Every structure is written in C-alpha cells, then in structure tokens.
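One-letter residues, chain by chain:
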Amino acid sequence: MDTLTVLAQWFAQPLQFEFMRRALLVAVVAGVACAVLSCWLTLVGWSLMGDAVSHAVLPGVVLSYLFGLPFAVGALVFGSGSVALIGTVNRTSRVKEDAVIGVVFTAMFALGLVLVSRVPSQTDLSHILFGNVLGVSDTDILQILVLAAAVLAVAWYKHRDLTLYAFDPVHAHALGISPRLMETLLLGMLSVTVVVALQAVGIILVVAMVIIPGATAYLLTDRFERMLALAAAVAAAAAVAGVYASFHLNVSTGGSIVLAQASAFALAYLFSPRQGVLWRRRRPARTVR
Amino acid sequence: MTPAIEVTDATVRYGDVLALDGVSLTVPRGRVCGLLGTNGSGKSTLFKTVLGLVRTDRGRVHVLGRTSAAARRAGLIGYVPQSEQVDWAFPVRVHDVVMMGRYGRMGPRRRPRPDDRRAVEAALERTGLAELAERRIGALSGGQRKRAFVARALAQEADVLLLDEPFAGVDRRSEETIVDLLRSLPAEDTTLLVSTHDLAQVPRLCDDALLLQRRVLAHGTPAHVLRPEVLMEAFGVRTAPEAA
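Just so you know, the sequences run in chain order A and B.
The first sequence runs 0 to 288 under numbering that gives the first Met the number 0.
The second sequence runs 0 to 243 under numbering that gives the first Met the number 0.
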C-alpha cells in the first residue's frame, strides 16, 4: 500500500462512524466560536475571567440537569451571576480583583461538586469536567449550533464596537458608546461560549479554548481582522487534529484538542515571522515595545 | 453665547479623599485652555468630570449648553488619551484608530461610508500621517502617536477636544509640531482643554490657563497664571518645574 492510500484511509476511517462525524462538527464549531471571542479576551486581559466563568458554570449545569432544563440556561445564570458577584465584591471591599476572582470561582465550582454528589447519575460528572464529544446527543448538537451561531452573529454585528472598547474604553465613552454595555456583552458572550465548548473539552479545559487561539493569532499579525480569521483557523485545525489523534491513538479528545492548540501556540511563539523568539534572538527588534 | 465648557462648583470625592473642591471653570468657544497642576492635583478628575466618567458630589457640568451625556451622544467631545493609558501593542493600524473617531456617526455595525473615508483621509493629511496610515499604531514615534489621536478627534469633527498630557513622552521638536497643529485648528469651531504639567508650551498654546490644586488656585492669561509666586503655591518650588 502506498503512502497516499494510507493517508487517505487515516482520514476516511473515522468518518465511517456517526459519532466521529458529530464529534468533528461539535469540536470545530465550538473551537471557532471560542477562538473569535478569545481575540478580545486576550487584548482586554481577561484570561483569568475566562477561567473563572468556565468553572463557575458547574452548579448551573448540575441544576439544569436536576430540573430538566437545557445546559445553557443554568450556565448563563451562574456564569453571569458570578461575574456580577466578582464585580460587586471587588467594588465594595479592599480585596484585589484576582483574589476576588479566585474566591468566587472556586466557591462556585465547590458548590457544583457538592450538588453533583447529591444528583443520582454520578457518571455525568466526568463528562461535564472533561467533555464528552464522542457521545453528544441530537439535542446537544442543536443547542451547540444555535448558541455558537448566536455568539458569532453578535460578534460579526458588533466587532468594531468590541474592538474600540478593548482598545480605548474612554474614547468609546466619549462617543456615547457605553463601555459598561460592551463589557456586559463580552461577558455574556463568554458565558454562552463556555456552554458551547463545555461539550467538546469539558469545564476544566474550556479556558484553553478561549485563550490559546487568540494568543496564537496575536503573535502572527498586526491587524485585528486578520487576528480573528487566524484564531478561527487555528482553532478549527486544532479541533480536527485533536479529534483524529484521539481516534487513532485512543486518547482523551478534549486533551488532544487543547494539546493541538498549545502546539500551534508554541510554533507561533518560536517561528512567527515578526514576533518569533528564534528570529528575534538573531535579529533584535528595531522598534521598542 | 453659550460657553464650550462650563463647570460650576464641582466637588468630587473618592471615598474619603477629596479630589475636587468646588471647582468652577468656564471655557468660551474657540479658546485653548491649559489645565495646570502637579500629579494628584485633580487634573485627571476634572477631565473625567467633563467626560462624565466620575459622579460629582456637587456641581454641574455643561458642554456647549448640554449635559455631558447629551454632548457625548451628539459626538461633540473628542478625547486624546495619555500615552500610558494606551496599549501600544494592540493590533490596530493608524487608519483604524482615526476611523474610530467616526463611530458615533455610523450605524450600529460601524460600517464606514464614503463620507467617513474622506474625513479620515483629510484628518490624516492634516496631521501629516497620510504616509503612515497602514502602520501599526505602536510602530509610530511618540509625537506621531499623539498626532494620530489628534487626527481621530479631527475625523470625529468634535467641537470640544480634551487632551490629557499631550506632551508626555514626546521630544521637543514634536511638541512644537503638535502645538502648531493644535493652533491651526479653526478657532471659531474648536475649543481645547489641555491638561499638562509641562509649562514650557503653555504660553504658545493656550489663551487661558487654570492652575489646579484640588481647588482653583489661579485662572487667567498664561502670563498671569505662570507668575512665580502663583506657581510656588501649587508646586511648592520657587522655579517652574521640569517636565516629567
């Protein structure tokens, strides 16, 4: 058998299975939605907030289970609720923001763990924590597609305002564009995206999906529009690579996807045409950063 | 005629700290008013008060006869930020930054129309940045960066411009260029409020000056405000301080 046939088989074999086709769809859609959002999160400096929101949705997800509601409802309530809580405690106490974030998201996560231990079906916990992309149901897929489409539509409609807010919130304010509203919009999108990505990689690794693609693209371009496109491309490629690797090597799917993203970041970090460390060592940057 | 900026008896507290104590300020249309004072004198707070970014405990703010919020919605207020407040690694080009000045005039998606493109071209031309429009904002020199933000305010066609420390991080030659540029703005249309602790450019740039130390210490012509005995009260030194 020649190499080409082997390669073709390597690609075609997983596609025979319904669950693999679904997994690819979910991983790519979730990856792209997260990637688009990650561009603003990296630039605003909200990576820790991504971490916080992703963990804080756990009790919401468990309660949704209990009451037979869609994941997204509980996750949205607890995601935005914990962001509001972080903001309130931060404003009304002397404790610094990173500490407040640490307190709130671990408390929420702990609440989720306690709730899970009282919920009958124990098996679901590992699915929530580590994702279950190989076992998504029709309802899950529908929910993921609708939510991802909603996030991408809002991003497309408001991307210039979001970028203005990330770059110069005071100027946004001076133009009568409320920075507060933009912040709320971004956090709302983050909560929804976390729910989308939860199915693919699980709560623990969601934060990677909302940081790594944006951070990678940031190393590759000086134009924000290109950064969005590159981040989406990196995430889609990592999703495909991760799902295939997971099938052929029989390893965790969520883990593989995030490792693929991290590899992309490492490549950009080392070899990016302008920002790559390897080139910069040989040819020191002329402009002062 | 309604003044461009009218602050009446503004008092602002941050917790227990009194930042502004009954400050009143009137800037007639077409004038350039310099806002002088040390760090922590309340210059930034007064700026934020005019912009409506802080709530006053007492007092009123009017911009061209409107409340600050109404003036902002009408796109009357342009803002040139301090260098330290800008993320210079942000992936935006000079052209993108200047285009942001037009956002208040665009639809909800902020899609530029031919009008907007023309205004941006004209603003870049005015500020001598046409050649650098495709550069990343952080790749410019200190003086060019300032001019890019002035271009943004020009593209906005704002009637009142707030410039926060426009000479910080800028060399002497660029200072002159910026002063020339600001002085070339049509006096009947544009009012400037310039905060600075660099007193060297004040006589050339400003029609009026206001010396602030939580309250107004002096208000008048630059020559009046820059008298040694007045400065001594604000800066606590006998000679005019060096630029930071």
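It is possible that part of the hints are untrue.
Stated by the list, open to error - Computed footprint of chain B on chain A; a stretch qualifies when at least three of its residues, placed anywhere within it, have a C-beta under 8 angstroms from a C-beta of chain B:
id	segment
1	25-32
2	150-164
3	174-181
Calculated directly from the structure, the hints in this document are not laboratory data.
It should be emphasised that the depicted structure is a prediction, and the values quoted were computed from it without experimental measurement.
Ideal Cβ placement from N, Cα and C applies to all residues, glycine included.
Do the hints match the structure? See the list:
Judged by the Cβ-Cβ criterion of 8 angstroms, the segment 25-32 of chain A is not covered by chain B as claimed, because only 0 of its residues qualify and three are needed. Here's how the segment 150-164 of chain A fares: 6 of its residues keep a CB closer than 8 angstroms to some CB of chain B, so the rule of at least three is met and the hint holds. Residues of the segment 174-181 of chain A lying with their CB closer than 8 angstroms to a CB of chain B number 3, which satisfies the three-residue condition for coverage.
The structure fails hint 1 only (numbered hints given earlier).
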